[in-house]
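K.L.:
Okay, here's what each chain looks like letter by letter:
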Amino acid sequence: MSLSLESSASALPEPRGVASREKIDRPRAPVPLVWISLATIAALLFLWSLAASYGLVSPLFLPSPLAVFHALQGLLITGFVDATLTQHALASLLRIFGGLTVAIALGVPAGLAIGTSRLGKGILDPIVEFLRPLPPLAYLPLVIIWLGIGEASKIAVIALAMLPPIILSTATGVRSASADHINAARAFGASRQQVLRHVILPSALPSILTGTRIALGAGWSTLVAAELVAATRGLGFMIQSAAQFLVTDVVIAGIIVIAAVAFVFEMTARLLERWLVPWSTRR
Amino acid sequence: MSVLSLENVTLRYAAKESGAVPVLAAIDLTLARDEFVVVIGRSGSGKTSLLNLAAGFVAPTSGHIAINGTPVSGPGSDRAVVFQDDALYPWLTALENVAFPLRLRGVPRQSRLERARELLFSVGLPEAADRPVWELSGGMRQRVGIARALASDPKFLLMDEPLGALDALTRSRMQGFILDIWQANGVGALLITHSVEEALLLATRVVVLAPGPGRIINEITTAFGRDHLAGTPLSEIRKSHAFHRLHDELTALIHAEDEGIAA
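Just so you know, the protein sequences line up as chains A and B, in that order.
The numbering used here applies: residue 1 is where the first sequence begins, and numbers increase by one.
The numbering used here applies: residue 284 is where the second sequence begins, and numbers increase by one.
Calculated from the structure, these hints are not laboratory results.
One or more hints might be untrue.
Claimed, not checked - Restraint-style ranges between C-beta atoms, simulated for each label pair:
1) L276/A / G357/B: 51 to 57 Å
2) P30/A / D413/B: 49 to 55 Å
3) V264/A / S420/B: 46 to 52 Å
4) S345/B / L131/A: 44 to 50 Å
5) R118/A / R392/B: 31 to 37 Å
6) T281/A / E502/B: 45 to 51 Å
7) S176/A / Y296/B: 53 to 59 Å
8) G122/A / E410/B: 31 to 37 Å
9) L271/A / S345/B: 51 to 57 Å
What the hints assert, rightly or not - Quick look at which bits of chain B chain A covers, simulated, 3 or more residues with Cβ under 8 Å:
10) 378-389
11) 491-500
From the three backbone atoms N, C-alpha and C, an ideal C-beta is built for every residue, glycine too.
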C-alpha cells in the first residue's frame, strides 16, 4: 500500500519541471508573435496608403497616412484649438490618474470589506451591483449637476467608472487567499489585523493589479465622454472639436495617440506585475 | 514537561441535509515534549481533522484540548504547524518567510533576520536565504517551512503530511532530517501520514485511525527513529527483520479495517 502511494506521489509534476520544459520549447517556435503582429500593422498601413493614394476614398473620410503624420507634427508644434498635443495629452492623463487615485483609495478598502466581512458584503454589494452595469454616460449629467462643469466632475465620473472593477477584483483576490496561508499566520499568533495586512492583502495584490488594468480601460472610454462637456483641453476634446470642423487627419492622429498611450499603460502595468507579483505570473 | 492532550474529543461538521456528519469520535491522545507521535490511517479517517483540532484551527464539538491541563482555544505560537502544501508566502524570500513569526511579534528587523539566518543554516539551506520561495524545489520548500515553524520557538511541532508531495528519494532523505530536527529542538512532534514505512521510521508511538467516524483503533510503540538517531542508518533499519514484521502487522491492521467496512 505504501509503495503504490509513494509512486503516485513521485509522479506528480513539479512546477519547476514545467517551467524548464517551456524553456526548451521556446527556441523551436518558428516565428515570434511580435513579428507576425508587426507584419500585420505594416500590411494595414500599406493598404491604407494604397487606398488613399489611388483616391479610392475621399481624403475627407480617410486622409493618407502621410497626412496624418503631418497632422501629428503640426499638433506637436502649433497645436489645435489653443493647445499643443502635449498639453491635450497632459490634461487627459491628469484626469485619468486623478480618477485612478480616487478609485484605488476607495475601491481597495471597499473590496477588502466585501471580501472579509459579512457586514461589509451586505452593505456594499448592492451599491457595487447598482453602479457596475450603468454606462458612465448615464450618470455624467447628474455628476455635472452635483459637481459643476470643472475638473471635479470629470475626475469623479472617471473614478466612478473605475470603481467597480477595482472593488470586485480586490474582493475576488481576498477570497483567493489560501486557507493554509491564513492558518499558518494564525498558528504563529497573528491578530486579525496582522492576517489582513501580512497575508490577505499580498494574496489579493495580483488580482488588484489585474483589476487596475481593467479599470484603466474603463477610464479611457469614460474620459472621452467626460471631455465632451465643457472641456477646453484633453485628447477627447481635441478629437471632438476636430470632428466638428471635419479635420479628419487630426481626428485620426488623436485616435492613434490615445491608442499609443493606452498601449504604454498596458505595458507598464505588465512590467509592474512582473516586478511586484512575480510569483503569480510565473506559476 | 509540557503535554498536549486531547480528552474525549469529538468533531462533527454541520451538513445541510443529513444533519451533523461525525468526523471524529471520542479521541483520547496525549503528546509529551520528548515524543514523536505519528498518526496513520486511510483517507477519510479524520487524520487532518485531528491535526486541525490540535492546532486550534477548528474547535471540537465536545471534549477538551489542553496543554498541561490548561484548556486551549484557537491557535497559538506554542504549537507550530507544517503544511503538506508548505504554505510559504510567495511574496517573501526564504529568509523573510522564516522570520515571519518573529515579525508578527514585533521583533526588530535586524535581530529577526539574524535568527532566521541561523535557522536556515540549521536546516541546511544558508544559500537559499535571499531566493524567492517559488524558485526552490519541493524538499527545500518543506525545509524552509520547518525552519519557519521553529522560528516561533514552539513546544509542539504539528506536521500534516509534510512529505506527501515529495518524490521518493527526497522523501527518504527528509525523514532523517525531520528526526534530527526533532531531537535538536526538543519539541513534541505530531505527524500525519498515510505511509506505513514513514510512520515506523519516525515515530516513538504510532497511532492508527480508522474511518467512519475517525477513531483510534491501535497504538504501537516503536524505537526505529531513536535507533537512527543513535547511529543506525535509515537504509539498514528499513532492511531489518523487526522493521518488516511491524510493517506487515501495521499494514494488516489497516487492511483488516478495510475488509470490515466492505463486509
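K.L.:
Could you work out which earlier hints the structure fails to respect and list their numbers in ascending sequence?
P.N.:
When the structure is compared with the hints, numbers 1, 2, 3, 7, 8, 11 turn out to be violated.
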